[in-house]
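A.B. asks: Spelled out from the first residue to the last, the chains are:
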Amino acid sequence: MDAIKVFLVDDDSIFCFLFQKLLDQHSNKSIELIVFHDGYSAAEYFRKNKSNPLTYPDILFIDINMPLMNGWELLETIYNEDLFKSKNVMRYIISSSISNADKHHRNKASDYIEFITKPISNKDLFSIIDNITLNNKS
Amino acid sequence: METLQRFDELKELKKKIQDFDSLVASIDDIIFEIRNDGVILNCWTAEPNQLYFDKDYIINKSVKELFPSEFSDTIIYILEKSFRKRTGYSLKYKSPFSDNIDHWYKLQTKIIKNRTESLTVVVTNITREQKLLAKIQIKEEKFNRAFQNSSIGMLLLSKSLKVIEYNQELQNILDYANAAEMLEKKVPEFIHENYADHIQSAFNEVKNGIKEKAIIEAQCLAKGDKAIFCLINISSIRDANGKVVYFLCQIQDLSLFKSNEAKLNQQNEMLEQMNYELKVKVNQLESFNQILAHNLRTPISNIEMIVNQIAQENDNDQKELLLNLLKISNNKFLRLFDKLIETLDVQITNNYLFQTSEIDEIILKLTKDFQHQISSNSLTIDYHLDVKTIAFPTENLYCIFKFLITESLRKYQTLNTIKININTWQMDNDIFISIENNCESQRSYEIETEFMKINENIDENFLMELHMAKQQIQFFGGTYKIFKKEDVGNKVVISLPKSK
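Protein chains in written order, with our numbering: chain A, 1 to 138; chain B, 1001 to 1500.
If a hint is listed, it holds; no wrong ones were tucked in.
With a straight-line cut-off of 30 Å between C-alpha atoms, the simulated DSSO-like cross-links for lysine-lysine are:
#, chain 1, residue 1, chain 2, residue 2
1, B, Lys1481, A, Lys48
2, A, Lys48, B, Lys1411
3, B, Lys1327, A, Lys123
4, A, Lys103, B, Lys1281
5, B, Lys1411, A, Lys21
6, A, Lys29, B, Lys1319
7, A, Lys21, B, Lys1327
8, B, Lys1419, A, Lys50
9, B, Lys1411, A, Lys5
Keep in mind that the hints were calculated from the coordinates and are not lab data.
Okay, chain B solo, but in the shape it has when bound:
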């Protein structure tokens, strides 16, 4: 009976040993039982290759015998301390053997309950973890170097936009002498109020994954609330679950760029102005060429025709008439020539390009010019001016207005009262000027039959000025159109660009 009991106990013990071996086999670590003098009493491992020595060789051998002295002294010291303090210690170390120098291990001493003469030492191969750690450290170092030594401002923010870290360049940009001073502030305090909403929405877009990064031009506030134009690049640092942990901002000072941009814009404006002046000059030269060719050649060609007529004419009265026309043509030519020289002198400068006209002043002048007709009720001048100042030379507008009123009076003098209506208005980028009369042809149209009466007093200079005024409208990029308003009268509409 007792034998049977012992047999059962032995059987149970064997099962426990089997269980223990299975347990050990499932552990990657090496487990030693070591005595307080450093002698290895036992050893378990699932991978005997990890042991470096044969298992039987190391049992009952001292640590000092197995390992180089420098390493074994450290182990003995830890063991002694663990026995003395009755607590476990750990040590990370590189393999003391030269042929696997790149292997890392972690040694942990563990006190065995109710035993004072031996303890357990667990050795874990941590080579993989150490390599990962080294990689992480390199990455961290790279980031730190890039962050701290960047030539643009770098700012690390918490997800609630609190300043965590920034580099020296940002401190310089924002003109803070004391580093801690910036840490006390929150991001909105560094942003000009005009851009606060814009910046906040950019952070939200990055946070919500709408954008991977947001690049914004905004004014930052340096020390003393000095506004500085900066280019801000916002990106996020996320954890393994994709949640934002930090925001990273790159901040570039655009002050110099902005100043250069302003200079460039100024230079561009100057170039545009010069280009405009040159274009106008070229157009004017063409126009003067045309005026020279037409207006000056007209009396000259008339003279030639008159001379031919005189040569063929037998009637003395007609000869006298032709001689008179010769005189008139000659005078016209001289007057036109003088006028043209005078005009060229005036227009040789560019001043008139940037002249403006006050329409109400022009109307006042016209009212004085036509005072006689207004007083005798043969003319009224009404106006409605939405735009009073127009970027166009006064002389030219005055010339057009005066011609149109004069023509209305001349052609439609049978009407009781000639009503002139002047309006100005703006539409999009153009200014419009309209001059209307009430000269509906109440008569059946009379063909001009009075051309035989040569009027010496016709002001050819005035017609040339009118011609030039019309040309000027085109030079300024405008148009000149004449319309018939059925049952109302005639209407001239001039459009001019709002500004040059």
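In isolation and in its complexed conformation, chain A is listed as follows:
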């Protein structure tokens, strides 16, 4: 199985724990999960590793409501600073609710952004992982 790098940016530690538990149930045991508890920390990491595409995630899950820098601000930073300059990283907004304001943000944002609502099931998550695996192979 190919290694897949999954980044999760969420300030809710319980959700992060449960997210890891779900990933553990996937047949691909080479999934690496990296967690950031706020958008600013994630942005700092991406900046530092901008020149190294090997460190880019295959999938980026981002919560909307976070302290310091929220999900939309992080996506804006990634876009403005071109932090994934040589890779089309699929980005998922992962939130317990999607408001009209969020949809408005989505329409304004770049491609590669999808919504996924909490609670997430292993079925939802595995479907995303499998798609990425397929894309990576092709």
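Assemble the complex: chain A is given as a structure, and chain B must be docked to it using the hints.
C.D. replies: Only chain B this time, still in chain A's reference frame:
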């Protein structure tokens, strides 16, 4: 020889008669020679049509025979007086004949030297002049009526700005009971000193033809130096050469207008305030909706995920851990719910919209909160405040400051001392607040790997307050930005409008 001399004299006399006739022909007037009994002895005119009668008919006829008695009596009286006083008199009259009643004439008696039995009467047709005069009189009357009866104050000034005339309305506006009292004053005495220069330059502009008229809003001084807002319209009256002869001022009392304007402004301010409150309320409702949807749904969605995990879990230790998480999520939900109700109760009033924060007091409170860290040299808080009072709720600013300091301590605890620097300043119409730390990542960035350790003590309520504080900044028309300062640390800059 004598015949020749007489012939020359006759020739000279004829020439004189010719000259005289030429002279008469050049005069538009009618000239009569009239005897002291009123009989016309001779008559000359360049325009015989002017005579009304045939010239031959009137010679040797008395004035009484020619004209209606009322008119002839007046003429005889003037003639008699002229003969008696040996001086000339004049009379303006309308034609005594009904068929040219609209014609006007001027009659002048002139005494002839060395003659007592006759005099000269010169009659001039003055119909044109009289018509012009009538027109002028009508115009003057119109002006006088407009000036005196105007419902706004009217003032006529000399070119040196001395009061010449004014109407009753102006007297009323300026509250003068005695008309003469105003005439003693000069224009600057009626103008408030703050507007004196402005008024003078307006007069100069009109005088120099830069403006045809000047309209100025200025305070006039009524009796007792009471200031009244007036609208003053200055124009000039010029002579045939275009030089200013008079200034004409129209003065309108704006007191009522100003009072209504003040009321209107007050009402507008109230409307703006209400509009602002409504906008904030709408934004808050959206925000609360989001908080309800997100913050409250987060533990609930976690519960569902935990339950699903428990159902699949075989390991008893893991089951116990999941049950513990279930309990934590449930508690979080209840605490958040209570907090949200409490917050809604507080924010249901608009009082917080107009709260101000004293930044130095917030810093003092933070210093107390972090006394332990400050005493142990793991934290310093420095500040430079150009602006001390900010129109923003204290709780919200305090929440943001506290979170940023807590995060700095939590994330960068490997540093010897966390240095927090708080600054405030004003630029244009905005107030800026910056909070900086010295937390440059000296370490290579550590990816958070400790999320497995679930900390039950994480204050979800505090995070919700922080979230609401950030929302409030937007409601107030401000911004919240976080920056990385290379080789220095991190910086959060909040901007807020100076006033709402």
